[in-house]
Structure formats: structure tokens, C-alpha cells
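*Asks:* Residue numbers (the numbering used here), protein chains in the order written: chain P, 1 to 210; chain H, 1 to 210; chain F, 1 to 210.
Hints in this document: simulated from the structure, not taken from any laboratory.
Please note that the accuracy of each hint is not assured.
Which copy is meant is left open, because identical chains are indistinguishable; a pair holds if it fits in one copy or across any two.
Said to hold, decoys possible - Here are the simulated SDA-like cross-link-like pairs (lysine to any residue), alpha carbons at most 25 Å apart as the crow flies: (1) 203 <-> 36; (2) 34 <-> 209; (3) 34 <-> 74; (4) 34 <-> 151; (5) 34 <-> 147; (6) 34 <-> 157; (7) 203 <-> 99; (8) 203 <-> 83; (9) 34 <-> 158; (10) 203 <-> 98; (11) 34 <-> 150; (12) 34 <-> 152; (13) 34 <-> 154; (14) 34 <-> 102; (15) 34 <-> 174; (16) 203 <-> 30; (17) 34 <-> 159; (18) 34 <-> 160; (19) 203 <-> 11; (20) 34 <-> 121; (21) 203 <-> 94; (22) 203 <-> 102; (23) 203 <-> 188; (24) 34 <-> 13; (25) 34 <-> 11.
The structure presented is a predicted model; accordingly, all values stated were derived computationally and were not measured.
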Amino acid sequence: MGPPVHPRLTFALAIIEGLAILAYAFSGFIEARKHRLDAVGTFLVALATAFGGGTVRDVLLQRRPFYWVEHETYVLVIFVLSLFAPFVLRMASRVFNERALLIADAIGLGLFSISGTSIALDTGMPAFIAVMMGVVTGVFGGIIRDVVCNEMPLLLRDSRPYATCAFVGCWFYLLLDHLQLDPVYSVIAASAFILIARLVTFKLNVRLPH
Amino acid sequence: MGPPVHPRLTFALAIIEGLAILAYAFSGFIEARKHRLDAVGTFLVALATAFGGGTVRDVLLQRRPFYWVEHETYVLVIFVLSLFAPFVLRMASRVFNERALLIADAIGLGLFSISGTSIALDTGMPAFIAVMMGVVTGVFGGIIRDVVCNEMPLLLRDSRPYATCAFVGCWFYLLLDHLQLDPVYSVIAASAFILIARLVTFKLNVRLPH
Amino acid sequence: MGPPVHPRLTFALAIIEGLAILAYAFSGFIEARKHRLDAVGTFLVALATAFGGGTVRDVLLQRRPFYWVEHETYVLVIFVLSLFAPFVLRMASRVFNERALLIADAIGLGLFSISGTSIALDTGMPAFIAVMMGVVTGVFGGIIRDVVCNEMPLLLRDSRPYATCAFVGCWFYLLLDHLQLDPVYSVIAASAFILIARLVTFKLNVRLPH
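Using the sequences and the hints given, assemble the complete structure.
*Replies:* Structure representation (C-alpha cells):
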């Protein structure tokens, strides 16, 4: 795992991680609101969105314990937020505008994809498979959210680069890893790459070919 | 696992368990009928409804063998019933009315949820996660049934307490377990709690907030 | 695993296997085209169709590594084909007509189902469960493809025998296995049985009862 990281950086990473998980849970709240789900439905959809990608990855890699078992607090926080989801969404829409949610989601995409790739490499997966595991970690929560809500997954029909940003960023991470950069800085640089790629392609309205 | 149970009680539990599995399979038959599925489709949907929740739980907890591998007979019975599903449903609608099906399903919800929580505790899960595993065991079969049949899961859109009853009942089970009650009586009491909570809230037309 | 197979036969099997995987991936391309998915969506759907059945089987049986981890090349080939999917489909529709795709898909159904049953037997599953695992291996990719694309799975609504052919063929394989035939010839004979059953029932327009 490389040399010990500066404690302040570890703290910053934990904050960013928490933000990313909440951003994913929020996209679950928004979807649940759209379909007028009740509090329990909202909770289950938000949970699946936030932890679905990592859980599928861990099932594929036979890793245990799951992230949400080790960090029960996140499940509890999402549970409490779900009880007050309509209120939470109203508050959130005052504090955060759509752009803030887009950025939080892009941070999540970056962190989840790169951590997924890193974990797959640690379990001895070959490069291409590790990249695929990274993309799965980043995007599967959203796919499960949409499938459960009986919609064609946004990721598949929206022609904006989303999985593609994750895919390219994961290869960038492999390159940095190959260059033996300090792991923490590789993770940060590659996650930032995905974040920026997502925001820039979104802003420039780049479209993938059909 | 506590002191040995009276054999007559074991026998009674096996009967109730069989009823619960068949009740879940039946809700699969009814859904399959609605979509005019053929015999094979009916079998697959009924199987997923009856064993989906427990299978997802066992995949998450890395438990093997699956219940349906150890109790092959249930798979065979559902297979044979599927071949004659239209006939079976016609017969059943004469013998059992809708209320009987509601009760059988509520028995299944109780037994599956509590057994799921109990199994999760045995594998060392913390309390809140064990409760979530119990709810997953109780409700995931129905979610898979509806997703495969291309419908928004009933559980998510129906605002009647269903997962909520299971959730509260699983906490009640944790309380009884904490009080060191005989395991078998804890299971029965908590399952009965869920059964009664489901029937009473249904009868009183209680609705969850949106 | 029986006596060593003649090398030329092993080579022929590898070719047939490759054809079957590509046939399944192609049905993913066609579905993706229908929903106008972008290149990434096309790739993910094709991947899920080609490897979904075997992956679900391996998760249920706790087998690792997955086929697509050991045979990364197939993932790469499907990735490259996805980038040019519209072009590939146009080319393919000139070279292969619909009948060719039907045959390729039926080859896949035969090989995947029989290999699934064989693997399940090797891990000590009882006969009926091994047959179910074979059917899951053969048909689950198509179910995932349709669920992700927000359609009722073709397998469930189409009343033509598809899973049924796989089911009967897997029992035929168990019979040959019981007769202690050379494993390779059992696999070939039972796969051919499924292939022929599928094509003949399709041609004769046989329908399953509703």
C-alpha cells in the first residue's frame, strides 16, 4: 500500500468518499421521488445506487466484508435521510443546485472507478479486466437504480460519455501505477482526471456515436 | 442453536415453511399468468420468487449450499405445479380465496425475514446489517419477480407497509435474542409479529408517507 | 476428465465455442441497435449477453476464475466489435442471414447448457440442480440482456421451446454420462441434440402451452 499517507490527506479522502456516497444516494432519492416511492422504497433504491457497484464488484472478486458492512454508519445515515427524503430533497435543492449534484456525482464516478480498479489489481486481475471492474464499480449502482425503477438505464441511452470517462481514467490509473507513483497520488490524479473529463465533455456537449 | 426442540414443533415448523415457499411460488404463478408466460417462463418466475431472497442473502454472506440445493424436492414440486399452472391456479382459486393467499404470503414474509436475520447474526454480522439481510431475504424474491416481468416492483410503489413490517419484526427478534429467549420461540414470536403487523396494517389500510 | 481428446477435436471445439460466444454477443448488438444505445451501452449489453449465464452459474457455484477473466481476448474482441457495431451489423447482415444467426445462437444454447451441467456435476450438485444450472448457463445471458434493455425477457414471453430444449438436452447429457460414454463425445452429442431440437421445433413452429 506504499508509504503512510499524511494524516490530513487521509482525512480529506474520507470526506470526499463520504460526499461521493451521498451524491450517489441522492441520485437514488431523486429517482425515487420521480416514481413517487414510499420511504422504504426510497431507502432501498438509494442503498442500491450508493453501494450496488461496489457490491457487484466484491461478489465477482469474492471479497468480504462489503464496504457497507464495515461502514454501517453510511447505511444508517441513508436510512434516516430516506425517512425525510421529500424534506431532504427540498432542503438540498436550496443549498445545492443541479451543477453541485453533477459535480458530486462525477467525484463519485472517479473515486469508485479508480478504487474498483485498484482493488481488482490487488486481487491479481489482468489489466483489461481490472479496468472493467473499475467501470462496473463506478456505473453499476446507477444501472441497478434504473432497472429496479423499470427504466432503460440512463447510462445506456444517454449518449454523453460517462462510462467512457471512467474507462479512460482507469487506463490512466494503470499507467500511473506502472510508473510506480505513490498509490495515493495515483488514485487522486486518476479520479481527478475522470471528474474533469466528465465535467468538460458534459459542458462541451460531447456525444458518443450510436 | 439452543436446546433441542420438541419434535412435534419441528414438524410444525417444516409444514409452515413449506406453506410459505408455496405461497411465494404462487405469487409467481399469478404474475406469470398475468403476462401469459408459457410453462417454462412460469417455472423460472415462480422459482425466482420463492428462492430469490434467500439466494441473494447467501451470495452476500458466502453461504453454501443454497436452501433449494439441499431441499431439491421443493424445486421439483414447483416444476410440476408450473406444468399445470393454469389448472393449479383455477383449483387454488376455488380452495383458497384472496385472503388465504395474503395470509400465506405474510407467513412467508415473517419466516423468511426472521430466518434471514438469524442466519446473518450467526455469520457475525452487526445488528443493523443483520436486520437488512432479513428484509432482503423476505422481500427480494418479489422484487426479482417484478423486475423480470418488466414491472416496477410492487414493494416500491405500493405504499402499504410490507418491508416495514419485516424491518420492525427483525428488530423485535434482535430484542428477544438479546433477552436470551429460547431461539425457536424467538423465531416463532417474531415471525408471528410480522404476520400480524402485515395483516393488521393491511386491514386498517395504513399507508406509508411518500 | 476421461482420456485425452484428439488434438484436432479440441481445436474444433475451441472454434465452435468462439462462434457460440460471438453469436450471443451478436444478439446483444442487435438488441442494442434496436434501442439506439451508444458504443459503451452496446459493449456492456453484448458482454452481459455473452457471459451473463456463465457468470451467474459461477457465482452460484462459487467457482473462480470466471471464463472471461481467463479468456480476456473475447472481451477485447467484443469491445472492438462494439466500437464498430453499426458497421459490423451491416457487414454481418450481408454475410450471414437470419438463419445463420439462429443456428449460431442454437449452437451457443447447446454448448453453454451442457458445459454448465457438466461443471455443476463436477462440483457435486445433485442431478436436477445440475440440469437447472445448465439451463441457467444457457439462457441467463439473454434474460439479463432483455431486463437491462427494459423488455420482458423474450424467453419468458415467446412460447417457442428454448429453455425447454436446453432442459431436455441436459437430461440427455446426464443419461450419456451415466452410461460412462467418453466425456467429450457426451458433450458433443448432447449439445447437438439441443441444437437440432431448437432448429426442428422452430421450423415446425411448435408452441408451448400457456
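*Asks:* With reference to the structure, classify each hint as holding or not holding.
*Replies:* Checked hints:
1. 203 <-> 36: between (30 Å within a copy, 23 Å between copies)
2. 34 <-> 209: Classified as between; 15 Å across copies, 29 Å inside a copy.
3. 34 <-> 74: within (23 Å within a copy, 39 Å between copies)
4. 34 <-> 151: Classified as both: same-chain Cα gap 12 Å, cross-chain 16 Å, threshold 25 Å.
5. 34 <-> 147: Intra 14 Å, inter 18 Å, cutoff 25 Å: intra and inter.
6. 34 <-> 157: both (18 Å within a copy, 11 Å between copies)
7. 203 <-> 99: Cα proximity of residue 203 and residue 99: one copy only (11 Å, versus 45 Å across).
8. 203 <-> 83: between (34 Å within a copy, 24 Å between copies)
9. 34 <-> 158: both (18 Å within a copy, 15 Å between copies)
10. 203 <-> 98: Result: close within a single copy only, 13 Å intra versus 42 Å inter.
11. 34 <-> 150: both (12 Å within a copy, 17 Å between copies)
12. 34 <-> 152: both (15 Å within a copy, 13 Å between copies)
13. 34 <-> 154: both (14 Å within a copy, 16 Å between copies)
14. 34 <-> 102: within (18 Å within a copy, 29 Å between copies)
15. 34 <-> 174: Classified as neither; 38 Å inside a copy, 35 Å across copies.
16. 203 <-> 30: within (22 Å within a copy, 31 Å between copies)
17. 34 <-> 159: Classified as both; 22 Å inside a copy, 15 Å across copies.
18. 34 <-> 160: both (22 Å within a copy, 19 Å between copies)
19. 203 <-> 11: Neither. Shortest intra-copy (31 Å) and inter-copy (51 Å) distances fail the 25 Å Cα cut-off.
20. 34 <-> 121: neither (38 Å within a copy, 36 Å between copies)
21. 203 <-> 94: For residue 203 and residue 94, the Cα distance is within 25 Å only inside one copy (22 Å; across copies 40 Å).
22. 203 <-> 102: Within. Shortest intra-copy distance 11 Å satisfies the 25 Å Cα cut-off; inter-copy 44 Å does not.
23. 203 <-> 188: within (22 Å within a copy, 55 Å between copies)
24. 34 <-> 13: Neither. Shortest intra-copy (32 Å) and inter-copy (42 Å) distances fail the 25 Å Cα cut-off.
25. 34 <-> 11: Cα proximity of residue 34 and residue 11: none, with 35 Å in one copy and 47 Å across.
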